[in-house]
Amino acid sequence: MKAKVHVTLKPGVLDPQGKAVHHALESLGFAGIGGVRQGKYIELDVAETDPAKAKVQVEEMCKKLLANTVIENFAIDLEG
Amino acid sequence: MKAKVHVTLKPGVLDPQGKAVHHALESLGFAGIGGVRQGKYIELDVAETDPAKAKVQVEEMCKKLLANTVIENFAIDLEG
Amino acid sequence: MKSAVIVFPGSNCDRDAAVAITRVTGHAPRMIWHRDADLPDLDLIVVPGGFSYGDYLRSGAMAAHSPIMAAVKAKADKGVRVLGICNGFQVLTEAGLLPGALMRNQSLSFICRDVLLRVETSNSDFTSGYNAGQVVRIPVAHHDGCFFADEATLDRLEDEDRVAFRYCDAQGNPADAANPNGSRRNIAGILNPGRNVLGMMPHPERLADPLLGGTDGAPMFRALAAALS
Amino acid sequence: MSEPAITPEIVAEHGLSPDEYDRVLSIMGRAPNITELGIFSVMWSEHCSYKSSKKWLKTLPTKAPWVICGPGENAGVVDIGDGQAAIFKMESHNHPSFIEPYQGAATGVGGILRDVFTMGARPVANLNALRFGAPDHPKTRHLVAGVVAGIGGYGNCVGVPTVGGEVEFHPSYNGNILVNAMTIGIADTDKIFYSEASGVGNPVVYVGSKTGRDGIHGATMASAEFSEDSEEKRPTVQVGDPFTEKLLIEACLELMATDAIVAIQDMGAAGLTSSSFEMASKGGLGVEIDLDRVPVRETGMTPYEIMLSESQERMLMVLEPGKEDVAKAVFDKWELDFSIIGRLTDTGRMVLTMGGKTVADLPIDPLAQAAPEYDRPWTPGKKLPEIAAAEVPERPWGEALLTLVGGPQGSSRRWVWEQYDHMVMGDTVGRPGGDAALVRIHGTKKGLAATSDVTPRYVVADAHQGGRQAVAEAWRNLTAVGATPLAITDNMNFGNPERPAIMGQFVEAIKGMGEACIALDFPVVSGNVSLYNETNGEAILPTPTIGAIGLMPDVEQSVGIGFAAPGQALLLIGPEGSWLGQSWYLAQVANRAEGAPPPVDLAAERRNGDFVRGLIRVGKVSACHDLSDGGLLVAVAEMAMASGIGADVSAQGPHLHAALFGEDQGRYVLAADEAEAAGILAAAAAAGVPARRLGTTGGDALSVNGKDAVKVADLTAAHQGWFPAFMG
Ligand SMILES: Nc1ncnc2c1ncn2[C@@H]1O[C@H](COP(=O)(O)OP(=O)(O)O)[C@@H](O)[C@H]1O
Ligand SMILES: [Mg+2]
Chain A
3 MKAKVHVTLK PGVLDPQGKA VHHALESLGF AGIGGVRQGK YIELDVAETD PAKAKVQVEE
63 MCKKLLANTV IENFAIDLEG
Chain B
3 MKAKVHVTLK PGVLDPQGKA VHHALESLGF AGIGGVRQGK YIELDVAETD PAKAKVQVEE
63 MCKKLLANTV IENFAIDLEG
Chain C
302 MKSAVIVFPG SNCDRDAAVA ITRVTGHAPR MIWHRDADLP DLDLIVVPGG FSYGDYLRSG
362 AMAAHSPIMA AVKAKADKGV RVLGICNGFQ VLTEAGLLPG ALMRNQSLSF ICRDVLLRVE
422 TSNSDFTSGY NAGQVVRIPV AHHDGCFFAD EATLDRLEDE DRVAFRYCDA QGNPADAANP
482 NGSRRNIAGI LNPGRNVLGM MPHPERLADP LLGGTDGAPM FRALAAALS
Chain D
670 MSEPAITPEI VAEHGLSPDE YDRVLSIMGR APNITELGIF SVMWSEHCSY KSSKKWLKTL
730 PTKAPWVICG PGENAGVVDI GDGQAAIFKM ESHNHPSFIE PYQGAATGVG GILRDVFTMG
790 ARPVANLNAL RFGAPDHPKT RHLVAGVVAG IGGYGNCVGV PTVGGEVEFH PSYNGNILVN
850 AMTIGIADTD KIFYSEASGV GNPVVYVGSK TGRDGIHGAT MASAEFSEDS EEKRPTVQVG
910 DPFTEKLLIE ACLELMATDA IVAIQDMGAA GLTSSSFEMA SKGGLGVEID LDRVPVRETG
970 MTPYEIMLSE SQERMLMVLE PGKEDVAKAV FDKWELDFSI IGRLTDTGRM VLTMGGKTVA
1030 DLPIDPLAQA APEYDRPWTP GKKLPEIAAA EVPERPWGEA LLTLVGGPQG SSRRWVWEQY
1090 DHMVMGDTVG RPGGDAALVR IHGTKKGLAA TSDVTPRYVV ADAHQGGRQA VAEAWRNLTA
1150 VGATPLAITD NMNFGNPERP AIMGQFVEAI KGMGEACIAL DFPVVSGNVS LYNETNGEAI
1210 LPTPTIGAIG LMPDVEQSVG IGFAAPGQAL LLIGPEGSWL GQSWYLAQVA NRAEGAPPPV
1270 DLAAERRNGD FVRGLIRVGK VSACHDLSDG GLLVAVAEMA MASGIGADVS AQGPHLHAAL
1330 FGEDQGRYVL AADEAEAAGI LAAAAAAGVP ARRLGTTGGD ALSVNGKDAV KVADLTAAHQ
1390 GWFPAFMG
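Residue numbers (my numbering), protein chains in the order written: chain A, 3 to 82; chain B, 3 to 82; chain C, 302 to 530; chain D, 670 to 1397.
FYI, nobody ran anything at the bench for these hints, they're computed from the structure.
You may find that some hints are simply not true.
[Claimed, not checked] List of simulated lysine-lysine pairs, BS3-like, C-alpha gap at most 27 Å:
1) A/57 x A/6
2) A/42 x B/21
3) A/42 x D/879
4) C/379 x B/66
5) A/57 x B/6
6) A/6 x B/6
7) D/1180 x D/1052
8) A/4 x A/65
[What the hints assert, rightly or not] Label pairs and their in silico Cβ distance ranges:
9) D/1206 x C/470: 52 to 60 Å
10) C/327 x D/750: 27 to 35 Å
11) D/1049 x A/58: 50 to 58 Å
12) A/75 x B/66: 27 to 35 Å
13) A/47 x C/486: 26 to 34 Å
For glycine and all other residues, C-beta sits at the position ideal for the given N, C-alpha and C.
Please work from the sequences and hints to get the whole structure.
This is the structure:
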């Protein structure tokens, strides 16, 4: 299966990248931008074909490695 | 509206971060991982309420700044 | 030689470049703040190293889109020499003055050390102070120095003699082990078709003073001054 | 918005003892509200009030003719001649780095940089002293990788070279690593900025980043013993933004070049609370702050949150009246927040308002003066027996040497420092890998030498000798490059001071440090205390890290550790090796961490060092290395590896292992032209300095008494190989 993982900063955690991107977009003349947050997007192929089991496995991966749960949240989508 | 932008490396462009994550997952004992690709995920709030116009605007942002089209593709989802 | 160093928020090798140029050529460059949209009459523009805009999003991306880069592009089109060092190289590729992209080092770590470079061409005002094939020692200090371009672009760079420097071993071989960051074909620096724009990851300004451990960077500035005076 | 009632539980959560809370009540004359309680809590925390350590810190020598400002300000200031001053300090970020190694270490660097540029100095060098758990502990690699990346990520981006430091491994740090960061800056002596507020009515200005809910309670976290459930406290981790810091440095220095600033203070631990409090308190004034004017990045922040937030990259200033526009223009140029949030008053009170209402009103002086100060009970450490060399089994020296230089403690730290930009700013004359780093003072031929040192295994065995040794080793490392040692900053990392044995380590280490400072004319000008470094009751090795700087009048005169050429004479300055107690050899070759550590003869230390420095300054020496961990042979091996040139050395004495690997103090190895050797030995004899011909450089191997050569290339492979292999 394909797992799509989004890793985003927890609400309230400073996002210097998002802040800088926001600023840069404004100076490029884009108006009306309320806020920008930047995260990571990770795609993985896992051999596991049972969605429930795959989910558990990818969750494990997120907790152990993909996300820094001190400051980040993660969300998992499974496909096919 | 909220725009969700995925920026991913083009196929064929080497992804050392994805490779390192793959390797690290394996050494943590996760088996059966076929491949890992890492990209960026950017969330923006835009004032524009017309979906078509918002899409054009965010596409502009991607081409001008958010993605480097020499090496990256982007995809845009609009919400709300 | 009338030269200038562009200063972006987050540039941090701007002073180093100015010191080296002054030291080697006797001409002090002007420091130009990124918001100054007009550039004076110049022979050489240096886009220095550092972390412009924090290198957030992608190294060099935000600086590449700042107004001053439009002015730099216009000067480059008129043949003014433009030297991008490290972050400056990243800015020049992001701005489209040079092909390719600089990606995260293969090791994923920042790397600061002296490396050996083979001078690939002496046919430019930047490299005419060296002999083609000469091996020089110059430091790198970067996180995103892995030069990437598609095969066709790489072939064209080679066919047009636009590769300026390659990472090499002591014998001058562009060996894998001598490549600090995974750059395609060990490329450390490239020229534009007009040969008036050079981007390179290593820092020639860091070794232009014997007290800092070497002077292999000095011939670049000396040659530029000779050509442009 | 309803505020929580002040219950005994809430008081306890704020780290205030019932006794301390009674004092709060008597100062306030009423029960505090939650914001006021929060302010008391952070101001009286160990971190801000130094309540356990103050009594002893006061005993350290802090004066010398060249000291411009000792402890008490953001950083220490020493005169380096020609109207210039060096400003420096070291600070710990131990707990945050254990919880989130990248951000914890990064924000540690950010914080110490701010302490230095707050005073008007441009930061010119960073150092970092790191201590991790056992290499085979499951968390160690992750922590090493994160901390090193974080230090590099921050320092590289702000463009200040990271030129030196230490890395050690020991199981006592398994659950409590140490991350001590040091910054050195240069200022003009007539442009130094202090934090003492003055001028009733003067505007109080906030600059830098916006305030969020970061690290609320960070200061109290740094003052409480660690336990497994501190994982719960995770959201207190702050994220650093080195790009904003770089802008803040440039903006502050630009404004400092004008005469707009009366006083300035960074917002460090306890953020807006401690910065505003300390500025007003030092000036004997009051302060009024309108919290609605504090730039915030989140909605609905309470007064409590705004006052206690530890968001990074922020500064508080008092301006000359009428200079608001000048200052605002500078911060606008650098695209940083700028807000006039209040003014100084003559009431002696801190009055906070929000939404037009007073949300806190406390007296400044009584609060500051009533800050608890404890004379905690302490017990002296037990004296350990001296280990006789004869009872330590002897192994072939080549094998022992490879073990030492190729192991976790003795291997090269190149893997670490190559992730740090150590050359940016174009003045790094002495790069990492030698005894002290050497940074040229921009535009001059002078240089500052810098080092950080402590040998915790000595301190745990005998805190008094260990304290002396830490200072002496720092002094020696500066001397070994030719510099005149000037002053130190100390970072006292210890366990729980409420335990008399730990308090005893602290007290004895301070006594030893103080003696060494006096004997070596090496005052303490700044420092930091980090207590409660324990996990589940297990304390770290007592670790009083010494950061030190020295002055090199002409950087061209300095020497490095690498042999300059083959055929050079090698000389040993100082006594023969004899002391194996607490040595690397005993621990790593004989597997025994035992005995008394080497004593430090401070008079000999000074005499030998002054002699060596004198020789270097007159150009008689081509390479120099002090002897420390691993003794004579490890030092010679490091000199050989640094140059790729071998050497033969002669060893004397009844026990070869003690002669080669003993860690006796106050010693150096010098290389010199053959023609100079006799003269140097004669001068040493005249000066009463023990010295002898040790050997000769040359070839591609190291040998002892002409025998048993070990190839330099093999030593180098082992020395360079361990760290990268460990990190994978
Ligand atoms: N964390 C670090 N960052 C930068 N340099 C380091 C670090 N750790 C060690 N070094 C450098 O490695 C060299 C050897 O360190 P160390 O063995 O502690 O030196 P010494 O024994 O002379 O005190 C020194 O130049 C030191 O500055
Ligand atoms: Mg040393």
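Each hint, compared with the structure:
1. A/57 x A/6: Roughly 11 Å between the alpha carbons, so the hint for residue 57 of chain A and residue 6 of chain A holds.
2. A/42 x B/21: Answer holds: residue 42 of chain A to residue 21 of chain B is near 15 Å, not above 27 Å.
3. A/42 x D/879: 24 Å, holds
4. C/379 x B/66: Since the Cα atoms of residue 379 of chain C and residue 66 of chain B sit roughly 24 Å apart, the hinted pair holds (cutoff 27 Å).
5. A/57 x B/6: 23 Å, holds
6. A/6 x B/6: 14 Å, holds
7. D/1180 x D/1052: Holds, at roughly 16 Å.
8. A/4 x A/65: 18 Å, holds
9. D/1206 x C/470: 52 to 60 Å: 54 Å, holds
10. C/327 x D/750: 27 to 35 Å: 29 Å, holds
11. D/1049 x A/58: 50 to 58 Å: At 56 Å between Cβs, range holds.
12. A/75 x B/66: 27 to 35 Å: 29 Å, holds
13. A/47 x C/486: 26 to 34 Å: Distance hint for residue 47 of chain A, residue 486 of chain C holds at roughly 30 Å.
Hint compliance for this structure: no hint is broken.
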